[in-house]
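With the hints as extra help, turn the sequences into a complete structure.
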Amino acid sequence: MRVSHRWAVSIAAILVVIMLCGVAGRWLRSSTVHAQSPQGSQLSVFSAQTSYPAPLINLNGQPYVGLVEVLEPLGSVDARLDGKKYKLKFTAPGARELELQFHDGKDKGKIKGDNIKLEGMFAIQNGRGYVPLSSIADVLSRTLATQIRLNAGARRLFIGNIGNRFILELRRGIPSKLFVSFDSPVNPTIATEPGHIRFTFRREPVLPLVDHLVYTDPLITGATFSEHDGVGELDITGTSALMANFADGGKTIIVSGAPPPPPAVVQQAPVPPQPAPAQIVPPQPKPPAGPRFLVLIDPAHGGSEIGAAISPTLPEKDVVLALARRVQHELSNRGISAGLLRNSDIAISLDQRAISANAVRPALYIAIHAANSGRGVHVFTSLLDPETLTSRDFLPWESAQSAYLDLSGSVAGSIAAELETRKLPNASLTAPLRPMNNIAGPAVAIEIASPSENVADISDAAYQEQVAQAIAAGVAAVRSKIPEVRP
Amino acid sequence: MTRPILLMFLVLLLIAAGLGFYAYHLKSRVTSEEQRLAQQSQVILPPASGPTALVTFYIASDAASSLRRSQENVALPQERSERARAILRALFNKYAQTPSPHPIGAGSDVRDIFLLGSDTAVVDTNAGFAGSHPSGVLVEELTIASIVSTLNANDPQISRVKILVDGKERDTLAGHADLRRFYFSNGIGQLLKEPR
Chain U
55 MRVSHRWAVS IAAILVVIML CGVAGRWLRS STVHAQSPQG SQLSVFSAQT SYPAPLINLN
115 GQPYVGLVEV LEPLGSVDAR LDGKKYKLKF TAPGARELEL QFHDGKDKGK IKGDNIKLEG
175 MFAIQNGRGY VPLSSIADVL SRTLATQIRL NAGARRLFIG NIGNRFILEL RRGIPSKLFV
235 SFDSPVNPTI ATEPGHIRFT FRREPVLPLV DHLVYTDPLI TGATFSEHDG VGELDITGTS
295 ALMANFADGG KTIIVSGAPP PPPAVVQQAP VPPQPAPAQI VPPQPKPPAG PRFLVLIDPA
355 HGGSEIGAAI SPTLPEKDVV LALARRVQHE LSNRGISAGL LRNSDIAISL DQRAISANAV
415 RPALYIAIHA ANSGRGVHVF TSLLDPETLT SRDFLPWESA QSAYLDLSGS VAGSIAAELE
475 TRKLPNASLT APLRPMNNIA GPAVAIEIAS PSENVADISD AAYQEQVAQA IAAGVAAVRS
535 KIPEVRP
Chain L
106 MTRPILLMFL VLLLIAAGLG FYAYHLKSRV TSEEQRLAQQ SQVILPPASG PTALVTFYIA
166 SDAASSLRRS QENVALPQER SERARAILRA LFNKYAQTPS PHPIGAGSDV RDIFLLGSDT
226 AVVDTNAGFA GSHPSGVLVE ELTIASIVST LNANDPQISR VKILVDGKER DTLAGHADLR
286 RFYFSNGIGQ LLKEPR
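One line per chain: the protein sequences are U and L, in this order. Counting from 55, one number per residue, gives the positions in the first sequence under my numbering. Counting from 106, one number per residue, gives the positions in the second sequence under my numbering.
Keep in mind the hints are simulated off the structure, nothing from the lab. Incorrect hints may appear among the rest.
Unchecked claim - Below, in silico cross-link-like pairs of lysine-lysine (DSSO-like), each with a Cα-Cα straight-line distance of 27 angstroms or less:
{"id": "1", "chain 1": "L", "residue 1": "Lys-132", "chain 2": "U", "residue 2": "Lys-138"}
{"id": "2", "chain 1": "U", "residue 1": "Lys-164", "chain 2": "U", "residue 2": "Lys-139"}
{"id": "3", "chain 1": "U", "residue 1": "Lys-171", "chain 2": "U", "residue 2": "Lys-143"}
{"id": "4", "chain 1": "U", "residue 1": "Lys-143", "chain 2": "U", "residue 2": "Lys-166"}
{"id": "5", "chain 1": "U", "residue 1": "Lys-160", "chain 2": "U", "residue 2": "Lys-171"}
{"id": "6", "chain 1": "L", "residue 1": "Lys-132", "chain 2": "U", "residue 2": "Lys-160"}
Rendered as structure tokens:
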């Protein structure tokens, strides 16, 4: 009895040791692994101005979303880290600046001076501030002073009283048709399988008035709307194959039965040709689109490719995206259409940037970069060797820009002149910059550096605004010299 | 509880505490090893042996966004590619000093230089050169221009330069400057403040 008691205690002690080792191992692991990025997990944010994805990270089993990632598309953001204190200044267009304050590892913060309690600890990862996904609605409603609807499970966030609602109307007949009418045009991804047709809405804030409907119809038997993984999905079921047609400029989808497959041709018993069905109208050729003047702005880097570290908490990718949006806005103010090659924090390879830019066929390509050294603004055209200069008949990939160097130089000179007018330090140079060499059209690159000794001043809103205005004014001044391009 | 059992329990507790201490020690060692590696990469490169010769450097300046010419006596080997390598190592050595007019990645080095024909030099840099080079359009261009101009100034036959990293071709130096191409000494001279 005494021996068995001793064994029992020994085993208990060994178990204690194993537990302690486990705790030590867990502690070691936790000291190196803080955050996991769920594969492809992102929050779809819909606002009146735009819709965009915000990446989610997993911290201690809870989804977190970055404050900058959510707020930046909605206005001007200036985030700073002071030790464990995180301060973010946000200015919505036409509104006054307001401040958000949080502390790493604490669940309390302040927005506009008012206390807020998060449903988890505020976290700082790689210099960026993250709040629990479950708290983002509260944070945004106080920041933006508007109604927020969050479906955390479905990863969908609606800012303001928006939502593209739809109604379903089954028109019985032979065959029956289901009319799905939306408030505004939609462009869903459509997938079909026997007895199902599924519409997936990624960019549109589609919301249903009713989630589930059942029909007693020989063809269409039901419709179900669901939200998951940042998308809205409308699944229509039927007793046979279904097809969809768009009407009313994309505001209505008409679901009907798909025509049966053509009968197999039997050579021994040829079937006389059938007259074409009356309802089939031959497609009318679209008139060719006319030439247009589009400026494509390419904010460099993105995603895991952060570019230069302007400061420990300010990566180049964030600075250039903010400046690119300002340039786009300033160009629009001058009546010039402008698009962004990336409008969120995503990684795009250099070759893919060039491929996308050349496919869009912009009248002008502007790459935006930022540096943590030097002062002012550098305006670059492509550095190409004299022997690579070619005619426009054949453009090698590595030196496609060579045929457009004169026009690119005119744009660069005009932008530099506008910078000079605004007394912004600037220099015009050539650079061996990728993917500018691969762009088949006028192209310039802008590298912005801080206007002062303090590198963080690079994201100063007034400074960026001045630079953006100079770039836009420079482009507008030479617009008549740059040929419009047919898309 | 009998005395032997108590003793055994204490021993096991000590073992547990020891394991905890060992785990802490391992963690500290990893941290100090990382720090040591970071410091090790800042060692000053050893000079080459051989008779000294007057070498022309084109030193990049981030503040002035340009290259400035300077001359210095450097010990150089006789063989042409070894000479070129020694010159570039001396150039990198200047950038590694504190304060530096143009800091480049700590531990940057030239592994080898291959001369192709009479006019082309292929400069094989180590991984640290590109891995820790400051990122930026101008700052990367200045480094390349400094390498190309310095090589050409000391061996005028070298007019084409290609830069490899760790023996391989690389897309860009640090996210901006194209490393897939050859650089011509007469095409990158816009940054020179003083003529050759």
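Flag every earlier hint the structure violates by its number, smallest first. none
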